[in-house]
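Student: Its first residue numbered 78, the sequence shown is counted upward by one per residue in our numbering.
For the record, the hints were derived by calculation from the structure and aren't laboratory data.
It is possible that some hints are incorrect.
[To be verified] The calculated lysine to aspartate or glutamate pairs, modelled on EDC-like cross-linking and capped at a C-alpha distance of 20 Å, are: (1) Lys242 with Asp134; (2) Lys187 with Glu308; (3) Lys104 with Asp134; (4) Lys146 with Asp115; (5) Lys136 with Asp176; (6) Lys131 with Glu105; (7) Lys104 with Asp176; (8) Lys303 with Glu241; (9) Lys285 with Glu308; (10) Lys104 with Glu149; (11) Lys230 with Glu308; (12) Lys294 with Asp362.
[As the list claims (entries may be wrong)] Pair by pair, the computed Cβ-Cβ distance ranges are: (13) Ile288 with Gly353: 22 to 30 Å; (14) Pro181 with Asn278: 37 to 45 Å; (15) Glu295 with Thr226: 17 to 25 Å; (16) Glu257 with Gly353: 26 to 34 Å.
Just so it is clear, the structure is predicted and the values come from calculations on it, not from any experiment.
Here a beta-carbon is modelled for each residue, glycine too, at the ideal position from N, C-alpha and C.
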Amino acid sequence: MSLLKKHSNWKALKSIKLPIPNHFSFKEILSFLDRGYDECLYIVTDTAVSRLIKFSDGKGIVKVYQNGKYLEIELQKRKISKHNLQEAESYVREWFDLDRNIKPFYKLLKNHSLLSDLSIKYSGSRIISIPNLFEAICWAIIGQQINLTFAYKLKRLLVEKYGEKEIINNRIYLTFPTPERLAKASRNDLIALKFSRQKINYLNNISKAFIDNQISKEILLNCKSKEERIEKLTSIKGIGIWTANYVLMKSIRDMSCITYGDSGLNRAVHTIFKTGKKPTKEEIDFIFKGFKNWESYLNFYLWKSLT
Numbered sequence: 078m079s080l081l082k083k084h085s086n087w088k089a090l091k092s093i094k095l096p097i098p099n100h101f102s103f104k105e106i107l108s109f110l111d112r113g114y115d116e117c118l119y120i121v122t123d124t125a126v127s128r129l130i131k132f133s134d135g136k137g138i139v140k141v142y143q144n145g146k147y148l149e150i151e152l153q154k155r156k157i158s159k160h161n162l163q164e165a166e167s168y169v170r171e172w173f174d175l176d177r178n179i180k181p182f183y184k185l186l187k188n189h190s191l192l193s194d195l196s197i198k199y200s201g202s203r204i205i206s207i208p209n210l211f212e213a214i215c216w217a218i219i220g221q222q223i224n225l226t227f228a229y230k231l232k233r234l235l236v237e238k239y240g241e242k243e244i245i246n247n248r249i250y251l252t253f254p255t256p257e258r259l260a261k262a263s264r265n266d267l268i269a270l271k272f273s274r275q276k277i278n279y280l281n282n283i284s285k286a287f288i289d290n291q292i293s294k295e296i297l298l299n300c301k302s303k304e305e306r307i308e309k310l311t312s313i314k315g316i317g318i319w320t321a322n323y324v325l326m327k328s329i330r331d332m333s334c335i336t337y338g339d340s341g342l343n344r345a346v347h348t349i350f351k352t353g354k355k356p357t358k359e360e361i362d363f364i365f366k367g368f369k370n371w372e373s374y375l376n377f378y379l380w381k382s383l384t
């Protein structure tokens, strides 16, 4: 059963402004976040996105919108400290990859005969991260071998049952379940939610790995190489090479990741480069060769080309 709390007294409201960096489009951010799927962890309008996040001293609502040449971050919480504002800023910077200068990536795109239009069509798009590593891994597991519509449905069912809920200003906000909560989930309940037995096993393995400190964001960030990170991740049953690369791209923000075997990447490569419907690893490596240290962004923009 989800943990439901109602707060009508979250009156404290403060905001901070961040200068919008070059090659950044908040419109593109909102477009990515609102692609027509049943997303449950944030609320998107035509001009803003809001979500419930955990701070060092409790939870609060972060709302982000554009105000001229700035991104305005509005924080609503019972009590707001200076440290909370710093946490909110750090979260948004990571979420939208604000601190990365992607001009070198755009230069590579523009110089490529088959990819130059992507820098114009998706100008200002940034990789939207999943700061919560546990959420990122679970989401990758949930989405394996099913379409996105069903994957989002499963995520909502999982989050509504095992996550935390807050009702603020007559809106329901949700947070992703903790490893401790998910580890205690009944197999029969998860089967009733339409999770396969294999995915239930994998989610249980992941939860226990976090509880036992076998894996954490800090552990991965302290690894000396991408290879070491992949080895740490794939040592946990349920995490393969595709999931490891996806997670490193989306949560650790490693810019050298390629999601080999991904159906979306395969379709994009097939469409643009006229390869077979399932491009070989060698074909993909050849295409990505000129984008060293920008592989994750090329991967993301190729996904974008399918929209």
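Student: Return the numbers of the hints above that this structure violates; sort them in rising order.
Tutor: Violated hints: 2, 3, 4, 5, 6, 8, 11, 12, 13, 15 and 16; rest satisfied.
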